[in-house]
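Chain by chain, the residues:
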Amino acid sequence: MPPASVTSKLAAAAAPGFVLERSAAVPALVGRHQDFLFIAGLGGTACDVGAVTGDGAHVYSLGGAMGAACMMGLGLALARPDKRVLVVTGDGELLMNLGALAAIAVIDPPNLAILCVDNGHYGETGWQKSHTSLGTDLEKIAIGAGIKRTRTVAADADIAEGARLLREGNGTAFVLLRVKPTEPAEFKRNFDASLCRDRFRAALQAR
Amino acid sequence: MDAPLEQMSGTGWQHELYDLLRRHDITQFAYVPDAGHSILIDRSLADAGVHSIPLTTEEEGVALIAGADLGGARAVLLMQSSGVGNCINMLSLIKGARFPFLALVSMRGDFGEGNPWQFPMGQATQPVLEAMGVICLRIERPQDVIPTASAALTMVFKSGQAVAVLLSQQLIGAKPF
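One line per chain: the protein sequences are A and B, in this order.
Quick note on numbering: this note's numbering labels position 99 of the first sequence as 99, and the sequence is numbered without any gaps.
Quick note on numbering: this note's numbering labels position 74 of the second sequence as 74, and the sequence is numbered without any gaps.
Please keep in mind that the hints were generated in silico from the structure rather than gathered at the bench.
Misleading hints may appear alongside valid ones.
[Unchecked claim] The list that follows gives simulated cross-link-like pairs (lysine-lysine, DSS-like), each with its CA atoms no further than 27 Å apart:
hint, chain 1, residue 1, chain 2, residue 2
1, A, 83, A, 129
2, B, 95, B, 158
3, A, 129, A, 140
4, B, 95, A, 180
5, B, 158, A, 188
6, A, 180, A, 129
Construct the entire structure; sequences and hints are all you get.
See the structure below:
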């Protein structure tokens, strides 16, 4: 948890639309995690996915190379059209590589979905506000990039629809999950990028 | 340009290079539009057996290659030397996880270049790639294209290395403007 002074500042900073708890909303949207191959962004989303999957071999989490998650998901989805690929990334990482949304939209693989966990802040670096709590709307950017199936999930009532979209196979889906700026699930993740690559590939070949 | 693809195939090094990449099971061609790669790009767009992926910036292609490898597929990144500069931090992914990585780089800002804006990145291309652990193989003569590309394919997909093949302006021609 961030120190109390930071937390109170966060409470003041949190916009009204950011009310869901990521520790509950991410598992609810993912559902049965064995149905997906995962690419997780660095920072909080790697912990979100680690907590949901128990650090499974069907997950590749970034620890750096910020901005890579969405395009790794595209390469994986094209390589394995028989599997559903779910990219889980944060607002900060997505903002760093917005062009990837356009690159993905024109290919539009039906087995790819992107879940952006948007807490409006850069949690890893001291909870500075990100652009999404200052007016940037990533769902509108995804729509503008050409992604046809998008939703914003900002309340419990939106979760069922968001979960459905992540699993539909009609084209690439983009779900923006707005959450409170709170710490992600505690999870001690593996930072050995090469070991995780070998593990992922071996498990996929065995399936 | 009006000749059918079959007839053109094998007539220039660009066509031979495309055929070589396909024989090595490359099924994802990621590119930022570039005159030096136009034949490879057009061949990939016309090829139902591959995915041809236009990028908005070159670093997207680095991440795409890593994702393709996770799924057991082979990809190549086609870019100009100026695009190499856009890839640097993303190459952490390649070096850190030892993803096989193949890039074909058409050079600007070297032999006979007429646009001074191209020199800073053109001259820095090989040093910055090498600083990030990418082996550079430079080609200056058409007869060296296939042997060099073959060597690169072996280094990348048999030995798991990161290799950039630099297509020099002696090979592809310098832009005089």
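Structure-based check of all given hints:
1. Simply put, residue 83/A and residue 129/A have alpha-carbon atoms about 36 Å apart, too far for the 27 Å limit, and the pair is violated.
2. This hinted pair checks out: residue 95/B and residue 158/B have alpha carbons roughly 16 Å apart, not beyond 27 Å.
3. A threshold of 27 Å between alpha carbons decides the hint, and for residue 129/A with residue 140/A the separation of about 19 Å falls inside it, so the pair holds.
4. Among the hinted pairs, residue 95/B with residue 180/A is inconsistent with the structure: their alpha-carbon atoms are about 35 Å apart, more than 27 Å.
5. Between residue 158/B and residue 188/A the CA atoms are separated by roughly 33 Å; this puts the pair beyond 27 Å, and the hint is violated.
6. A hinted pair counts as satisfied when its Cα atoms are at most 27 Å apart, and residue 180/A with residue 129/A qualifies at roughly 12 Å.
The earlier numbered hints that this structure contradicts are 1, 4, 5.
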